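Trainee: These are the residues of each chain, in order.
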Amino acid sequence: MPFQQIKFYQTGTFTVGNRLLNPEDRSVQSHQDRSNAINSGHRACQGCGEALGARYALDTALEATNSQLIAANATGCLEVFTTPYPETSWQLPWIHSLFGNTAAVATGIAAALKVKGRREVRVIAQGGDGGTTDIGFGCLSGMFERNDDVLYICYDNEAYMNTGVQRSSATPPAARTATTMPVGPNPGNEFGQGKFVPAIAMAHEIPYVATATVADLRDLEAKVRRAMEFRGARYIHILVPCPLGWGTASHDTIRMARLAHETGLFPVFEAERGELVSALPMRMQLPVEEYLKPQKRFAHLFGAKPKLDVIARIQQRADRNIRKYGMLKEEVL
Amino acid sequence: MFKQIEGSKAVAEAVALCRPEVICAYPISPQTHIVEALGESVKSGALTPCEFINVESEFAAMSVAIGASATGARSYTATASQGLLFMVEAIYNASGLGLPIVMTVANRAIGAPINIWNDHSDSLSQRDSGWMQLFAETNQEALDLHIQAFKLAEELSLPVMVCMDGFILTHAYERVDMPSQQQVDAYLPPYEPRQVLDPREPVSIGAMVGPEAFMEVKYLAHAKQMQALERIPQLAAEFKQVFGRGTGGLTHTYHGEDAETIIIAMGSVLGTVKDTVDEMRDGGHKIGVLGITSYRPFPVAQVREALAHCKRFVVLEKSLAVGMGGILATDVRMAMSGRGSLRGFTVVAGLGGRAITRKSLHKLFREAEQETLQPLTFLDLDWNVVNKQLAREREVRRSGPAAENILRDIGTVASKIA
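If you read the protein sequences in the order shown, they are chains U and G. Just so we're aligned, residue 1 is where the first sequence starts under our numbering, counting upward by one. Just so we're aligned, residue 1 is where the second sequence starts under our numbering, counting upward by one.
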């Protein structure tokens, strides 16, 4: 493996793809023989957070399993943009069945592998937030409670982007979608609705639950690697900004993901068997406006008459997450 | 080996002899005893290697079967009625992907009104789903058809439903000839998949297909079912060689040779129909029976041949195409198009478990012979009850829920039993 001495200004950055780091500290992506689970040439939008998250997650899982991996994929952007046949981006065995049954299909794959005595081959199921928190939720919960040997990854971009940005149960309050328009007395998505599936996954007391964002890809890699150390049901929920649906610049995907974490709106943590074991600390807490303002889906909160009451309610949600998950350094478990 | 055994248990034993590798179970009456027995076989270690998975819904049951089958495992599940409807999206997916899953359908009515008893509206609702559908007349045939179904499914890489009448067959204790493991192994080779998820040879399965190829993919499914029309009789013949019994095939005729009137039906009601026909033949009536075993693919040529010399036919079916009449009858009439002089009658009977009695059939078949039967008849329909409700709806806007009104009009079931 090519190796150069690290210069002082390059240390401690853990920049993804940094080939100057010690080999053991390097990202999977810095390896010349990385698997490229999702090959180039796919048709994701520019700046797609999901394409980025999925490639990192699967490349890491492939490395962790010595490429003995099968993936089941829900209907959605990831499925559509990776398989414009006769071209496919997938460099591993991959199946798409339906929108709402991916966890169950993965259970079937795991069962077949078990009965055939192929314990070395592992199974990943993956879908967007719609396929996970809404239509696929029954199958997901069933897979969890049976503790089937599947890692389920949810790429959460907080709405049904593939069908044109409609609300899902992962859409945050006040966000504009095609079905929660910024009109009427309570513009955007309702407060007091929606669900946070990582917490529900924890309630199943499965071996491993984690959240991550595409802002910290090393953290994501570490969590996928950790997940593959367990047998049984595992769940990783990755926040993947969507420039199209959020109304953000393509080059701001990573920044938006980082702001989601650093405002406290998206808690990044790990849990084992229902117990929180770590939370990714924030360097400092940023006000939620910094995250909301660059996004057109929240544009109705700003302008000439900012909706300060709504912003304050969003700030309360962030503060609660920080308390609940111990996201500020001194509060970390 | 002869056994006096419940139909569900007989089917479970036959399925176990087929060495399924993944079984998904979700309970719904009247299918429960089948998966219960299989679950016990797996848990006791009698059936191994096999994974028995208690899933959270029928939709998951079929989805787990899809994943397992795509990974090269022989996969089986069983359902009925609402359960079949709940898995419909996955049913079409399994056939569309060409996965040879075998599923027992313990035929049961579809609600509302909720009803657990037998008719054929559940599997017939999946007529166009791309699954083959084989209907058993007896418990012996139900058992035998499962063994044939795995072979048929895997050869063609298409899923098969084995349909057996809920309760009438599933819960009936009858003598069956249970084959040995050696016999089944001699007949049914190990599953060799056409496509498999395996890191040694990665493939993508389930890509989007646009207008440029969708027609061709769909036509292939049809072409495969046409191949099945050739293969099903051969599989029955091969089955007879190994097991010594002539079960399966596309159709069965009974006294068809000189019949002027032919009764067409599927499933266990054929027993009652044949008994009635025997009695009528004793009285000199030229009447015969055509039993349809393979509903999908539909054996058009065999139906035409069986009806070639009769004067009239009666399709007696436990299903209703609301707004049209018969479901099976539509297929039979289509098969007989061009035979202008042939009179066809559709009889909807036995919905929701309504008993089909010899007494009613005698009257029905005589009316058919005299051609006084209406083109569409609802056997033993209580017109008083129907008319009373229709009158109520004319008179009062808020007439209330129809089913509950009718139940109130009829009174307790016990009072109906003579």
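Keep in mind that the hints were calculated from the coordinates and are not lab data. A portion of the hints provided could be inaccurate.
Cut-off 30 Å, straight-line C-alpha distance, at most; resulting in silico cross-link-like pairs (DSS-like, lysine-lysine) [claimed, not checked]: (1) G:311 / G:286; (2) U:307 / U:296; (3) U:195 / U:293; (4) U:116 / G:43; (5) U:116 / G:224; (6) U:324 / U:307; (7) U:114 / G:43; (8) U:293 / U:324; (9) G:286 / G:224.
If we take Cβ atoms under 8 Å as the criterion, some of the chain U residues that face chain G in the derived model are [stated by the list, open to error]: (10) 88; (11) 91; (12) 276.
Every value quoted in this text rests on a predicted model; they were computed, and no experiment measured them. We treat Cβ as the ideally placed atom computed from N, Cα and C, and that holds for glycine.
Trainee: Each hint: holds or not?
Mentor: Outcome of the hint check:
1. For the suggested pair residue 311 of chain G and residue 286 of chain G, the alpha carbons sit about 10 Å apart, so the restraint of at most 30 Å is met.
2. For the hint linking residue 307 of chain U to residue 296 of chain U, the alpha-carbon distance of about 15 Å falls within 30 Å, and the restraint holds.
3. Restraint check for residue 195 of chain U and residue 293 of chain U: satisfied, since their Cα atoms lie roughly 23 Å apart, inside the 30 Å limit.
4. Restraint check for residue 116 of chain U and residue 43 of chain G: satisfied, since their Cα atoms lie roughly 17 Å apart, inside the 30 Å limit.
5. Restraint check for residue 116 of chain U and residue 224 of chain G: the C-alpha separation of about 29 Å stays at or below 30 Å, so the hint holds.
6. The suggested pairing of residue 324 of chain U with residue 307 of chain U holds, with an alpha-carbon distance near 26 Å, which does not exceed 30 Å.
7. For the proposed pair residue 114 of chain U and residue 43 of chain G, the alpha carbon gap of about 15 Å is at most 30 Å, so the pair holds.
8. Note on residue 293 of chain U and residue 324 of chain U: the hinted pairing holds, with a Cα-Cα distance of about 25 Å set against a maximum of 30 Å.
9. Restraint check for residue 286 of chain G and residue 224 of chain G: not satisfied, since their Cα atoms lie roughly 38 Å apart, outside the 30 Å limit.
10. Here the hint on residue 88 of chain U is kept, as its CB sits about 4 Å from the closest CB of chain G, short of 8 Å.
11. Restraint check, residue 91 of chain U versus chain G: the minimum CB separation of about 7 Å is within 8 Å; hint holds.
12. For residue 276 of chain U, the interface hint is violated, since its Cβ never comes within 8 Å of a Cβ in chain G; the closest pair sits about 26 Å apart.
Checked against the numbered hints given earlier, this structure breaks hints 9, 12; the rest are met.
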